[in-house]
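A.B. asks: Spelled out from the first residue to the last, the chains are:
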Amino acid sequence: MVMEIPFDVANIPGPETGEVAPPEVIGSYISGAKRPLLVVGSELLRDDFFLDIAIEIGKKGIPIAATGHSVKRFVEKGYREEVYYYNLHELTNCLRDPNWKGLDGAGNYDFVIFYGIIYYYASQMLSCLKNFATDPLVRTVSIDRYYHPNARMSFTNVMTWMEGEYKDMLNKLVESIKG
Amino acid sequence: MPEENRRSVKVGAVEILLDDAVCNLRGEEIEEIAEDILQEIGERRLKQWKPKLNIYAHAADIAEWDNVLLERYYPLYMNIKTECDDCTQGPCSISQNKEGKGLCGLDLGDSYQAKISLQEACKGLATQLTVARGLFDFALSRFGADKTIDMGHSITYPTMNTSMLTGFYTKNLGDTGRALSYAESQLSELLLAAYFGNESEAEMEEKALHAGSLTFLAMELTESIKMCCFEFLNAGKHPATEYPEFPPVDIQVGMGAADTSKPVVVFIGNNFLSAWFAVEQVKRENREEEIEICGVGAVGHDIPRFYKGAKIITSGVKARKVIRAGIPDVIVVSDLCSWFDVLAEAKRVDAKVIASGYAPIKGLEDRTDDSVEDVLAAIIEEDLPGVRITKPEKAGELAVKLADKLNKSGNRKESYLMPETELKNAALQCKSCDSCFETCPSKLVISKAMAAAKTNLEPLADVYEDCVFCGKCERACPEGIRILDLTISAAAILGRIKGDKYLMRAGRGPMSELEWRDLTFGVILGGNGPGMVNIIGCGNYPGSEREVVDMTRYFLDRNYLVCVSGCVAADVAKYFDEEEQKFLFEQYIAAGVLKGLVNFGGCTAMSHVPSAIYRGALVGSAYTPKANWTQIADYLYARLPVVVLIWGAATETLYSVASGLVRSGIPVVVGPSGFKFKRYLLGDKDDRSKWWMYDGVTGEKKEVEPCPVHMLVPVDTKEEAIAMCAKLLHRPLALRDPRLASLEAENEAYKEFFGDYSDDWHLYVRSEQELHVMRRMELLKKLEEEHGWEIEGTRIKKARHRSGELMEMHEYNEKYGIQLGRYSTLVPRLISRSGDESES
Numbered sequence: 001m002v003m004e005i006p007f008d009v010a011n012i013p014g015p016e017t018g019e020v021a022p023p024e025v026i027g028s029y030i031s032g033a034k035r036p037l038l039v040v041g042s043e044l045l046r047d048d049f050f051l052d053i054a055i056e057i058g059k060k061g062i063p064i065a066a067t068g069h070s071v072k073r074f075v076e077k078g079y080r081e082e083v084y085y086y087n088l089h090e091l092t093n094c095l096r097d098p099n100w101k102g103l104d105g106a107g108n109y110d111f112v113i114f115y116g117i118i119y120y121y122a123s124q125m126l127s128c129l130k131n132f133a134t135d136p137l138v139r140t141v142s143i144d145r146y147y148h149p150n151a152r153m154s155f156t157n158v159m160t161w162m163e164g165e166y167k168d169m170l171n172k173l174v175e176s177i178k179g
Numbered sequence: 001m002p003e004e005n006r007r008s009v010k011v012g013a014v015e016i017l018l019d020d021a022v023c024n025l026r027g028e029e030i031e032e033i034a035e036d037i038l039q040e041i042g043e044r045r046l047k048q049w050k051p052k053l054n055i056y057a058h059a060a061d062i063a064e065w066d067n068v069l070l071e072r073y074y075p076l077y078m079n080i081k082t083e084c085d086d087c088t089q090g091p092c093s094i095s096q097n098k099e100g101k102g103l104c105g106l107d108l109g110d111s112y113q114a115k116i117s118l119q120e121a122c123k124g125l126a127t128q129l130t131v132a133r134g135l136f137d138f139a140l141s142r143f144g145a146d147k148t149i150d151m152g153h154s155i156t157y158p159t160m161n162t163s164m165l166t167g168f169y170t171k172n173l174g175d176t177g178r179a180l181s182y183a184e185s186q187l188s189e190l191l192l193a194a195y196f197g198n199e200s201e202a203e204m205e206e207k208a209l210h211a212g213s214l215t216f217l218a219m220e221l222t223e224s225i226k227m228c229c230f231e232f233l234n235a236g237k238h239p240a241t242e243y244p245e246f247p248p249v250d251i252q253v254g255m256g257a258a259d260t261s262k263p264v265v266v267f268i269g270n271n272f273l274s275a276w277f278a279v280e281q282v283k284r285e286n287r288e289e290e291i292e293i294c295g296v297g298a299v300g301h302d303i304p305r306f307y308k309g310a311k312i313i314t315s316g317v318k319a320r321k322v323i324r325a326g327i328p329d330v331i332v333v334s335d336l337c338s339w340f341d342v343l344a345e346a347k348r349v350d351a352k353v354i355a356s357g358y359a360p361i362k363g364l365e366d367r368t369d370d371s372v373e374d375v376l377a378a379i380i381e382e383d384l385p386g387v388r389i390t391k392p393e394k395a396g397e398l399a400v401k402l403a404d405k406l407n408k409s410g411n412r413k414e415s416y417l418m419p420e421t422e423l424k425n426a427a428l429q430c431k432s433c434d435s436c437f438e439t440c441p442s443k444l445v446i447s448k449a450m451a452a453a454k455t456n457l458e459p460l461a462d463v464y465e466d467c468v469f470c471g472k473c474e475r476a477c478p479e480g481i482r483i484l485d486l487t488i489s490a491a492a493i494l495g496r497i498k499g500d501k502y503l504m505r506a507g508r509g510p511m512s513e514l515e516w517r518d519l520t521f522g523v524i525l526g527g528n529g530p531g532m533v534n535i536i537g538c539g540n541y542p543g544s545e546r547e548v549v550d551m552t553r554y555f556l557d558r559n560y561l562v563c564v565s566g567c568v569a570a571d572v573a574k575y576f577d578e579e580e581q582k583f584l585f586e587q588y589i590a591a592g593v594l595k596g597l598v599n600f601g602g603c604t605a606m607s608h609v610p611s612a613i614y615r616g617a618l619v620g621s622a623y624t625p626k627a628n629w630t631q632i633a634d635y636l637y638a639r640l641p642v643v644v645l646i647w648g649a650a651t652e653t654l655y656s657v658a659s660g661l662v663r664s665g666i667p668v669v670v671g672p673s674g675f676k677f678k679r680y681l682l683g684d685k686d687d688r689s690k691w692w693m694y695d696g697v698t699g700e701k702k703e704v705e706p707c708p709v710h711m712l713v714p715v716d717t718k719e720e721a722i723a724m725c726a727k728l729l730h731r732p733l734a735l736r737d738p739r740l741a742s743l744e745a746e747n748e749a750y751k752e753f754f755g756d757y758s759d760d761w762h763l764y765v766r767s768e769q770e771l772h773v774m775r776r777m778e779l780l781k782k783l784e785e786e787h788g789w790e791i792e793g794t795r796i797k798k799a800r801h802r803s804g805e806l807m808e809m810h811e812y813n814e815k816y817g818i819q820l821g822r823y824s825t826l827v828p829r830l831i832s833r834s835g836d837e838s839e840s
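In order, the protein sequence lines correspond to chains A and B.
According to my numbering, the first sequence holds residues 1 to 179 in order.
According to my numbering, the second sequence holds residues 1 to 840 in order.
There's no promise every hint is true.
[Stated by the list, open to error] The calculated lysine-lysine pairs, modelled on DSSO-like cross-linking and capped at a C-alpha distance of 30 Å, are:
| hint | chain 1 | residue 1 | chain 2 | residue 2 |
| --- | --- | --- | --- | --- |
| 1 | B | Lys448 | A | Lys101 |
| 2 | A | Lys101 | B | Lys454 |
| 3 | A | Lys34 | B | Lys685 |
| 4 | A | Lys167 | B | Lys595 |
| 5 | A | Lys77 | B | Lys815 |
| 6 | B | Lys472 | A | Lys77 |
| 7 | B | Lys454 | A | Lys77 |
| 8 | B | Lys702 | A | Lys77 |
| 9 | B | Lys443 | A | Lys172 |
| 10 | A | Lys101 | B | Lys431 |
| 11 | B | Lys595 | A | Lys101 |
| 12 | B | Lys472 | A | Lys101 |
| 13 | B | Lys443 | A | Lys72 |
| 14 | B | Lys782 | A | Lys77 |
| 15 | A | Lys167 | B | Lys454 |
| 16 | A | Lys72 | B | Lys781 |
| 17 | B | Lys685 | A | Lys72 |
| 18 | B | Lys574 | A | Lys101 |
| 19 | A | Lys101 | B | Lys443 |
| 20 | B | Lys454 | B | Lys81 |
| 21 | A | Lys59 | B | Lys454 |
| 22 | B | Lys815 | A | Lys72 |
| 23 | A | Lys59 | B | Lys782 |
| 24 | B | Lys574 | A | Lys72 |
| 25 | A | Lys101 | B | Lys685 |
| 26 | A | Lys60 | B | Lys751 |
| 27 | A | Lys167 | B | Lys472 |
| 28 | B | Lys448 | A | Lys172 |
Quick caveat, the hints were computed from the structure, so don't treat them as lab data.
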C-alpha cells in the first residue's frame, strides 16, 4: 500500500484510512462494481477536458449524479443519457439507505466514484458513507487530484502545476474501465 | 396531586387546570404567567384546542414539535468522529469494537454524533449568552432594573424570541435579567447532556434545537438593550411611512472607506461598549471630522446604528487583512468569533492594541485601575504593545487619545504595503510546492498567482479577493514568503483596496407587523412575489462578496423580499450599478415588502429574522406568541414562504442559529464553506409516508406535497443556492397565487442554472392556473408526455396521483394536498375540538 499524507494535512480520520492507487488499479476496481455511480461536482466546470472525462465514464454505462450546478454543462453538451441533478448531501443521504430506489428506479448502488468536487465538501460525504453505508457496503473511490483518506481508494495528491500528469491519469483511468 | 389541590383558571365558561395547560408547572411565577396567557388566548380558542404552554421551557417541553420535525427530516451527520474522551474511561474507540458502541452505550451511528452536534450548538449559545450577560450587567449598573425596554410604537409584539420560550415580553431590565438567568440555567442543562448525556439521538437533537432557540433569545436580549439603553437605530420607533428610505444610504463600507491620513481606531469583535464611549469622546471634543471610528465584524455593524460617521471595513473573519493593510493606529478588540494573534499582527504595522471587556489577550497587562493619562504615557514611552482595559468608558477614551497621539508621533509608516519591485522579488522565491494550496481552507491556487506575478499582478489580486485571511498558507510556506502581504499589496497596487468603497444602510433593527401586513398580500394571500429570503451570517467564504451580491440581485430582480443581517450585510452592499449610478442599497427600497432590501443589523440583529417571521404568523393567525411554540411553528412552517441562506457558515454560533431557525419552522440553506457543520436535516421527497398533514377540523390524515423538502441543507455553488432557496419556498398550505409564484421561482431557477426543470416540479401542481402563463403550454405538454397527465387544450383534465392512478382533478385535489384555505396541522393536539375552525 502506498502511503500518502491527506491533501488537507489536518484531516486525519482514523483508524481506517483509504488506499492510494494508480489509475489502472482504480479503473479495475470500478470495473468490478455491479452498480457503480459517478458523482460529479462544480470543480468539473473549470475545464471542458474534465467534463469530457465524465462523459467518457458515463458512456461506459455508469450513470452520473451531477451535483452543484454541474448538470447544466452536460445539458449544453447534449449528453443527457443517465445524467441527473442531485444535491450532494441529499444524494449521500440516499446512498446510505439500502432501500433507496436509485436514479433509475432499479435500486441503490454498490460503488460510488467521486469526481470534480470541492475537497472539503467531498470529504464530508466520504466520511459519512465510510461510517454509515456499511450494510450493504457502498464502496467509494475518489479520482480527484487530492488524496481522500475517507475514500476506500483514492488518487494521490497531484500538484497544481502537474495538470498534464493529472489529465494523463484520468485518461488512463477511462481506458482501464471495462464497459 | 389530589384533584382539590390542583389550581385552575377560569376563562369565560372554560375552566382549565394549570398543570394540564402548562408543560412543567413549578412555582407561583409560572402559575401567574400561565394565567395571563390563558386569559389572552380567550374562551373561544380554549374551547377549540387544549393549550400546552412552554413557560421557561426546557428542551423536552417542546418535544411535541421537535419530534414532528425530526421524524420528517432525518439528521445526516458529517465529518464523523469515531473516538470519544468525554468520560474518565476514555479515550474510547466507538467504531472499532464489536458492539459499535462506547462504554456509555452511545453508538457511533446516531446518538454519539448527535451528542457532538449538541456540543457545537452549546458553544454557539455560550458565545451569545456571554455577550448578553456582559452587556446586561453593564446596563444594569448604569440604568437600574426599572429601565424600560420599549421597542417602539410600531412594534406590537416586542421581544418575541424571548416570549416564545418564557411566556413574557421583557418590559424592563429586570425582566431581561430573569430571561437571561433562565437561558443560562438552560445552558447548564444542555452542557451536561452534551458531555455526560446518555440520551437517544432524538433527545440530543431536541436539545441542540433548544440551544438554537436560546441563542436567538440571547441575541434578542442584547439587541433590546442596545436599542433601549444605547440609542441604536430601531425601526420600531419610527412611523412606517419612513420605512422605504429608513435608514438612509449613508454608511461607508469597505477597505477603502477609512481615511488613513487621520487617526484611525478600529474596533474588532462583538462588544460595542468601548466604541460607544469612544464616540462620546469624539463628540465631546467636536472631532467627528478628525478621528476615524471604524469597525470590523459585529461591532462594525453596531457602531453605525448610533454614529453615522462610522465606517464598516469588513467582516470579523477577515480582520487580519485590515491590520496587514496598516489601516488602524489603534485596535480595540473584544471577544472575537474567530480568534487570531492580534498582538503579533499589530506589531507588524506598529499599531497598538487595547483589549476591552473580559476577553484577555496573552501578553497584555491589565491597566484598568490606572488613569487614562498614565496608561497613555506608558504605552508611548515604554513602547508597550498595548494594554488590557476592562472598563469600556476608559477603553473608549484611551483609544481615541492614543490614536491621535500615534498619528501625530510620526512613528507609523505612510504605508505598510510592499512596493511592486519588492513584491515581485518575493514572489520569485515561490517553488510551487503547493504547501499553501494544501492547507488553504478555500483551496486557492496561490502558486500559479505567484508564478504569474513577475509580469502580471492580477492573479495575486484575485487571490486577495477570494481569501479569508486565515494565514495558514504563511505558516505552511517552507520559503517563509509573506503570502498575505503579497496578495494585499498586489490588490493595493492595482487600486482594488482604494476602490473598495461603497455605501449602505445601517442596521434598522426589527421588522414591524405593518410591513408583514403588506407582505401578506404579496406572498400569502396574493402572490406576485415568491417570498422572503434572509441572507445572514459571516463573510467566511471564498468567492467573497461577488457571490452574495449576485444572489441578492437575482432575488431582488424577481420580487423577493431580501433581508440581510450579520457581517454578510456589508458584503451584499458591495455593488455599484454603473448604468444607474447607484449602490445596491440605493436601488431598492428599505421597507420589508416585496422587492425590498432590508438590513436588520450586525450579528445579534439576526434575532430579528425569526421574530419578523413570527410576526408574519401572528398577522395571519392571532395566536399568542407567549410560550406557545408548537402552535406558532406549526402555523408558519406550513404557510409562510420564507427561507434563510447562510453563505459563510463556519462558526458555532451559526450552527446554533441554524438549529434555532429549523425549530421555528424556517428552512435553512448553507453554503459550501459550512463544512464545520456536524449535522444537516434532510427530507426524502420520494418517501410518501413522510408527507402528510391532519385536516384541522376532521382530524383526517392527508397526503401533501413534499415541502419544504429539506430543513437544513448545504449547497455547492451560488447557482444551486438560488435554485434551492426557490424550491424551499413551497408550502402545503399556500393559496393559489403564492403556489404559482413559488413554482415559477423554482422553474425559472432550475431552467437557468441546471438547464432543465426539476424531476418533481409536477408534484406542486394542482391546477393549470398555478403554471406561469409564459411557460404554461410547455409545462402542460411535459405533464402530458413525461408524467402521464391528461391535458385538454389549456386545461388539465386528469392528473396522475403519486400512487400511479390517473384521476379527475377534483378527485386528485381531494386525495392529494390540502383544500385551499382549509385549517390543517401537523400536531394532533391542534386538531380543532369543536370542529368550527376554518381559515379564510
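A.B. asks: Which earlier hints turn out false for this structure, listed by number in ascending order?
C.D. replies: Hints 1, 2, 4, 5, 6, 7, 8, 10, 11, 12, 18, 19, 20, 21 and 22 contradicted; others consistent.
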